[in-house]
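Participant: Which chain is which? The protein sequence lines are A and B, in order. Mapping of the first sequence onto the working numbering: position 52 corresponds to residue 52, and the numbering continues sequentially without gaps. Here the working numbering runs 235 ahead of the position in the second sequence, where the first position is 1.
Any given hint could turn out to be false.
One-sided excerpt, in silico: chain A residues whose CB lies under 10 angstroms from chain B [unchecked claim]:
| # | residue |
| --- | --- |
| 1 | E58 |
| 2 | F75 |
| 3 | A77 |
| 4 | S79 |
| 5 | A120 |
| 6 | V128 |
| 7 | L174 |
The hints are simulated quantities; they were obtained by calculation from the structure and are not laboratory data. Glycine included, every Cβ here is placed at the ideal spot set by N, Cα and C.
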Amino acid sequence: MRRGAALLVVIAAVLAAAPSASAQPAGGGPALWRPWHPVISVGGGWVGRASLGTVRAETRATGLGTLTPSAFPLFTADSTLDAGPRAELALAVPVTRTLLVEVLGTAARPTLSTAISRDAEGAPATTVTEDIDDYSVGARVLYDVPRLAFGGRARPYLLAGGAYVRQLHEDQVLVETGQAWTAGAGLRLWLAGARQGRSFGATTELAWQWRTGGITFTDGARGAPSLSLRLFAGL
Amino acid sequence: MTRAVWGIGVVLLVLATAPAQAYLKFGVDVGGRTVPVRWSPGAIRYFIFERDFGGVSAQAFSDAIGRATTTWNAVPGLPVSFSAQGLTRSQPLEADGRTTLGFLDRPDQERVLGATTFLLDATTGALIESDIYFNTRFRWSTAAAGEPGATDLESVALHELGHLLGLGHSAIGETEVTANGRRVLSTGAVMFPIAWPAGAIADRVLQPDDIAGVRDLYDVLPAAEFGSIQGRVTKNGRGVYGAHIVAFGLESGEMIGGYTLNTNGDFVIAGVREGPHILRVEPLDDADLESFFGPANVDIAFSVTYGPRLAVVQAGGATSPLTIEVRPK
Numbered sequence: 001m002r003r004g005a006a007l008l009v010v011i012a013a014v015l016a017a018a019p020s021a022s023a024q025p026a027g028g029g030p031a032l033w034r035p036w037h038p039v040i041s042v043g044g045g046w047v048g049r050a051s052l053g054t055v056r057a058e059t060r061a062t063g064l065g066t067l068t069p070s071a072f073p074l075f076t077a078d079s080t081l082d083a084g085p086r087a088e089l090a091l092a093v094p095v096t097r098t099l100l101v102e103v104l105g106t107a108a109r110p111t112l113s114t115a116i117s118r119d120a121e122g123a124p125a126t127t128v129t130e131d132i133d134d135y136s137v138g139a140r141v142l143y144d145v146p147r148l149a150f151g152g153r154a155r156p157y158l159l160a161g162g163a164y165v166r167q168l169h170e171d172q173v174l175v176e177t178g179q180a181w182t183a184g185a186g187l188r189l190w191l192a193g194a195r196q197g198r199s200f201g202a203t204t205e206l207a208w209q210w211r212t213g214g215i216t217f218t219d220g221a222r223g224a225p226s227l228s229l230r231l232f233a234g235l
Numbered sequence: 236m237t238r239a240v241w242g243i244g245v246v247l248l249v250l251a252t253a254p255a256q257a258y259l260k261f262g263v264d265v266g267g268r269t270v271p272v273r274w275s276p277g278a279i280r281y282f283i284f285e286r287d288f289g290g291v292s293a294q295a296f297s298d299a300i301g302r303a304t305t306t307w308n309a310v311p312g313l314p315v316s317f318s319a320q321g322l323t324r325s326q327p328l329e330a331d332g333r334t335t336l337g338f339l340d341r342p343d344q345e346r347v348l349g350a351t352t353f354l355l356d357a358t359t360g361a362l363i364e365s366d367i368y369f370n371t372r373f374r375w376s377t378a379a380a381g382e383p384g385a386t387d388l389e390s391v392a393l394h395e396l397g398h399l400l401g402l403g404h405s406a407i408g409e410t411e412v413t414a415n416g417r418r419v420l421s422t423g424a425v426m427f428p429i430a431w432p433a434g435a436i437a438d439r440v441l442q443p444d445d446i447a448g449v450r451d452l453y454d455v456l457p458a459a460e461f462g463s464i465q466g467r468v469t470k471n472g473r474g475v476y477g478a479h480i481v482a483f484g485l486e487s488g489e490m491i492g493g494y495t496l497n498t499n500g501d502f503v504i505a506g507v508r509e510g511p512h513i514l515r516v517e518p519l520d521d522a523d524l525e526s527f528f529g530p531a532n533v534d535i536a537f538s539v540t541y542g543p544r545l546a547v548v549q550a551g552g553a554t555s556p557l558t559i560e561v562r563p564k
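Could you put the whole structure together from the sequences, leaning on the hints where they help?
Facilitator: Written out as structure tokens, the structure is:
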């Protein structure tokens, strides 16, 4: 994931250097998409820590006259998918001048950490880990907010979408699948060609992701924030 | 094998068995090789000794045994099933070729609630009969909700019938030593060697460890659902004999136990559901060592230790070997 981190640094540098005269879109108006001309983007992101649930290992405590006596906790296991980088590749198609449909694929290798504590026999707390191969592919809808164009070449957008998630445990012998739902907002910066044929720029976005299924030890969805930085090229 | 009220100094009444050679299972030495003690596919025909005792009629006794056998018969895929053959005047422990269950006066066995014996063909290891007695030294109950001060007959029967099927003892449980012996704090298996206090009825319900053990014994674990965990327990780099390993499924919530059964410290736990598991290694110090496989070379001088990583089980497969270095006491 060092390459991913390096890519993030490069993209961040591009964004920081963006306010240059050469980046002004032709015509001076707000940047707009050309419908049905695909946009490719590549970059990386950072996904926040997600709780996978707390599970108690329990046996049966002494109870008279009942088939289901109270639980005797042997130990507690608190699992998280640790924060870490991910690589991103997307292909978007503008269906209007402000609305894009995007297919996004991600790849990450987060660490699954399980903190074991409260052992009935006083064993010291410990944490066991394994690395997870985490892939997702899904579709998103991005809406560029035209009224909020900044200087004609930067524009915020809203996003929402869903994805199929595939996770492999460390030995790569077991696959677990699930779904991810995302909503968030981003800022797109045209560095060249905003109102011409081809364009080039960078995006940054902040989103919240809810996941169901996949590797989890409790029912229900769990959420985590994500931050992405990508370079894009409009063809 | 016996079920004790509390633990120390339990006498084994197995007629012809060798120490268990695999987790949860009995084995018998036949011509220098170990053969698992188990029944051939089909009905296990049993008789009830016609004797009333302490307010429990032979019929009530038979009904309680019937409920316990129904519980075992419900284990998916078992190729054997219990079949009641009625009452008999022959008491348990008579070598008559009949599998018989009943009350028996065993005042000498002051801490033994019940015991299972086997009669085996020493040349083939084939089971000829197996008897279970319930010690009249104790007060028994067949009441639906149990009875304070009386031991639940169905619970003890379920345990002893597990032995009759070929299961040894499970070590999933916690006890504390008191002035009168051991007191059970918790158990995760009907096959735990020490019984609940009188009045408890929770052991009428089989636990995942019991079911995994008997399905493993009779080779009926579906490969589409279950896999196994293998590894080694070491102390100061050397194998530990007699360590107890519990695999806890983070997704299933089930606990399945196993032991290291050689001086290399190797273990295999079969019957584990697919998914990631925490491994917890503990010394065999919650019951007498004789309850499991004898005290020879069993190392209990280490502290509870967890596996260094999760053991991820794939259905139909075995995990890559995992070494767990325990902390000396």
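Participant: For the hint on A120(A), does the least C-beta distance to chain B fall short of 10 angstroms?
Facilitator: Since chain B brings a Cβ to about 6 angstroms from A120(A), closer than 10 angstroms, the hint holds.
Participant: Does the closest beta carbon of chain B sit nearer than 10 angstroms to the beta carbon of A77(A)?
Facilitator: Holds, because the Cβ-Cβ distance from A77(A) to chain B comes to roughly 6 angstroms (cut-off 10 angstroms).
Participant: With 10 angstroms as the cut and Cβ atoms as the points, is E58(A) at the interface with chain B?
Facilitator: holds (8 angstroms)
Participant: For the restraint on L174(A), tell me whether the closest CB of chain B is nearer than 10 angstroms.
Facilitator: With a minimum Cβ separation of about 5 angstroms from chain B (threshold 10 angstroms), the hint on L174(A) holds.
Participant: Hold the hint about S79(A) up to the distance rule: shortest CB distance to chain B must be less than 10 angstroms.
Facilitator: OK, holds: S79(A) within 10 angstroms of chain B, min 7 angstroms.
Participant: Is the interface hint satisfied for F75(A)? The criterion is a beta-carbon contact with chain B at less than 10 angstroms.
Facilitator: holds (7 angstroms)
Participant: Was the hint right that V128(A) lines chain B, CB cutoff 10 angstroms?
Facilitator: holds (5 angstroms)
Going through the hint list in order, the structure satisfies each hint without exception.
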